[in-house]
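S.K.: Sequence:
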Amino acid sequence: MVERSRRYVSTMSSSGVRLNEVLAAVSLATDLGLGQPSEHMVRAARLSMRLGERLALDTGQLATLYDVSMLTYVGCPVYGNEAALLFGDDIDFRAGTYSVDLARTSGMTYMVRHAGQGTSVPNRVRRATQFMATRGSGAVEQMANHCSAAGLLAEQLGLTADVRTGIELSYARWDGKGVPGGLTGQQLSLATRIAHVAEAFEVLERTLGLEAAVDVIRSRSGTHFDPQIVAELASDAAALFDGIAEHSLDELLEIEPIERPPLTENELDRALAAIGDFCDLRSPSFAGHARGTADLATGAAAVMNLSPSETTLLRRAAHVHDVGRFGVPGNVLDKPGPLNGAEMERMRMHVYYVERIFRRPEPLRRVGLLAATHHERMDGSGYHRAVGGVMLTTPSRILAAADAYHAMTQPRPYRDAMTEEDAVSELRSDAASGRLDRVATEAVLEAAGHRSSSARGGGPAGLTARESEVLALLAVGMSNKAIARQLGISPKTVGNHVEHLYTKLAVSNRAGAAMHAMRLGLVDPDNVGTLPG
1 MVERSRRYVS TMSSSGVRLN EVLAAVSLAT DLGLGQPSEH MVRAARLSMR LGERLALDTG
61 QLATLYDVSM LTYVGCPVYG NEAALLFGDD IDFRAGTYSV DLARTSGMTY MVRHAGQGTS
121 VPNRVRRATQ FMATRGSGAV EQMANHCSAA GLLAEQLGLT ADVRTGIELS YARWDGKGVP
181 GGLTGQQLSL ATRIAHVAEA FEVLERTLGL EAAVDVIRSR SGTHFDPQIV AELASDAAAL
241 FDGIAEHSLD ELLEIEPIER PPLTENELDR ALAAIGDFCD LRSPSFAGHA RGTADLATGA
301 AAVMNLSPSE TTLLRRAAHV HDVGRFGVPG NVLDKPGPLN GAEMERMRMH VYYVERIFRR
361 PEPLRRVGLL AATHHERMDG SGYHRAVGGV MLTTPSRILA AADAYHAMTQ PRPYRDAMTE
421 EDAVSELRSD AASGRLDRVA TEAVLEAAGH RSSSARGGGP AGLTARESEV LALLAVGMSN
481 KAIARQLGIS PKTVGNHVEH LYTKLAVSNR AGAAMHAMRL GLVDPDNVGT LPG
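Residue numbering for the sequence shown follows my numbering, starting at 1 and increasing by one per position.
Some clues are possibly wrong.
As the list claims (entries may be wrong) - Listed below are the simulated EDC-like cross-link pairs for lysine to aspartate or glutamate, each with C-alpha atoms no more than 20 angstroms apart in a straight line:
| no. | residue 1 | residue 2 |
| --- | --- | --- |
| 1 | Lys335 | Glu362 |
| 2 | Lys335 | Asp101 |
| 3 | Lys335 | Glu82 |
| 4 | Lys177 | Asp101 |
| 5 | Lys335 | Glu345 |
| 6 | Lys335 | Glu499 |
| 7 | Lys335 | Asp416 |
Since the hints were derived computationally from the structure, they do not count as laboratory data. Predicted model only: the values in this text are computed from it and were never measured.
When you get a sec, could you build the whole thing from the sequences and use the hints?
M.R.: Shown next, in the form of structure tokens:
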């Protein structure tokens with residue numbers, strides 16, 4: 001076990017999330033883009049650390065290796081449209097690259113075989129001819145260029161310059177035949193050299209078995225890989241995998257060489273915003289979507305007087321709501337026409353993926369759960385759970401409306417961007433038909449700078465927005481005083497709202513009102529069980 005160096009700092013404004021937990025979440029997204037099982041990069045990072053210990057790295061070197069090995073290939077899935085133009089299903093293409101050396105004949109054969117996959121025969125022939133003419137250099141350079149974006153992400157996450165350098169050399173090789181060209185041998189960072197061997201070894205051992213994996217790694221010694229690291233691996237390869245399949249993530253989080261303090265609330269906000277921006281690079285048509293959706297959702301939260309904690313959670317979920325797109329092939333994301341059944345199913349999976357990516361620790365789990373509701377609809381016609389309004393919290397309803405509006409105003413491969421007027425009309429039509437929450441929809445439109453319609457003043461069953469909020473809290477057992485504190489208004493004003501909503505709902509007590517609240521989908525599950533007070 002690596003001895004950890006501790007840095008004691010104030011935990012004021014702590015988010016309860018450590019930086020390595022954020023990196024682990026990003027590594028899970030990378031797994032999707034590489035076409036590998038969940039925690040592939042986590043296991044590769046554990047192998048890297050074990051190799052680093054064998055090589056007697058000091059604490060600082062191990063700290064750099066720790067971060068680099070989790071993020072080594074995080075840039076690969078970005079600009080999936082470019083890879084899709086070359087190879088069709090870019091995820092499937094990447095998944096198969098571990099069996100070949102892209103700088104050798106086997107790599108050229110692999111690229112030619114996948115050239116233009118899924119397109120017309122003439123296009124496949126044209127692509128294959130281009131690869132043979134250029135020896136595939138353009139394709140490798142294109143993939144390597146994505147690493148610069150990964151380096152920028154590392155900087156925005158607050159990682160060191162050494163970590164950024166290590167990530168930006170993802171496609172460099174020991175023999176200098178990688179990208180950037182000219183870098184050879186020990187000019188490559190040590191962390192990069194170790195991470196390359198460990199990441200390939202994890203896949204090969206899992207797919208070919210230990211002995212065959214060692215043989216492949218040895219065959220690339222002195223070309224792709226550093227001979228010293230290969231020799232160290234081969235000296236006792238079995239020991240590197242001892243217990244590797246058990247508690248992978250728990251162990252990786254525990255062996256952080258330098259224990260960093262938890263991120264502050266502001267640091268976590270910046271990290272999630274950076275991740276959202278980075279993942280929008282998956283397809284050019286999504287550029288700015290995460291940040292734009294977050295801005296709209298935050299504005300709508302202010303319109304609806306959400307609490308600071310709810311607003312923070314909503315903003316964070318909005319920033320990362322589409323990170324699961326790393327698991328959707330580029331040729332599906334950028335298809336110019338309608339998706340077929342299989343393609344639609346792969347598209348729908350991105351909301352499930354985001355829930356799995358942000359599954360721990362608890363503060364990130366809450367973000368992931370909310371983010372995964374952005375395609376749910378009030379009438380149960382959404383995905384991935386297809387739940388109805390009664391199960392959707394107010395933040396979920398705002399997120400769905402904000403995501404829908406912002407997406408409408410952006411171009412997509414299958415349509416041009418809507419005008420703001422058309423987007424407003426479309427969004428209000430969805431609200432009128434019961435797909436989106438009317439109050440949340442109007443709040444989003446107000447945040448977008450559009451004049452509120454009568455629907456804003458007349459919410460479900462003719463209730464005003466404020467009456468809807470009072471009813472939701474009344475239904476979970478809050479007293480008038482507690483509701484007043486929650487909403488920042490006086491108990492007398494709450495009493496007036498209660499009288500008005502009783503009249504509109506034709507009920508005379510809390511039980512009757514609560515039944516209507518559940519029917520109308522106003523009850524926030526997070527508030528269920530709240531004690532009156």
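S.K.: Against each hint, give a clear statement of whether it holds in the structure.
M.R.: So, going through the hints one by one against the coordinates:
For the given pair, Lys335 sits about 36 angstroms from Glu362 by alpha-carbon distance, which is inconsistent with the 20 angstroms threshold. For a cut-off of 20 angstroms, the pair hint linking Lys335 to Asp101 is broken: about 30 angstroms separates their Cα positions. In summary, the hint linking Lys335 to Glu82 is supported, as the alpha carbons are separated by about 12 angstroms, within the 20 angstroms threshold. Distance check on the hinted pair: Lys177 and Asp101 sit about 11 angstroms apart at the alpha-carbon level, within 20 angstroms; holds.
Taken as a hint, the Lys335 and Glu345 pair is honoured in the structure, with Cα atoms around 14 angstroms apart against an allowance of 20 angstroms. With a CA separation close to 53 angstroms, the supplied pair Lys335 and Glu499 exceeds the 20 angstroms bound. With a CA separation close to 13 angstroms, the supplied pair Lys335 and Asp416 stays within the 20 angstroms bound.
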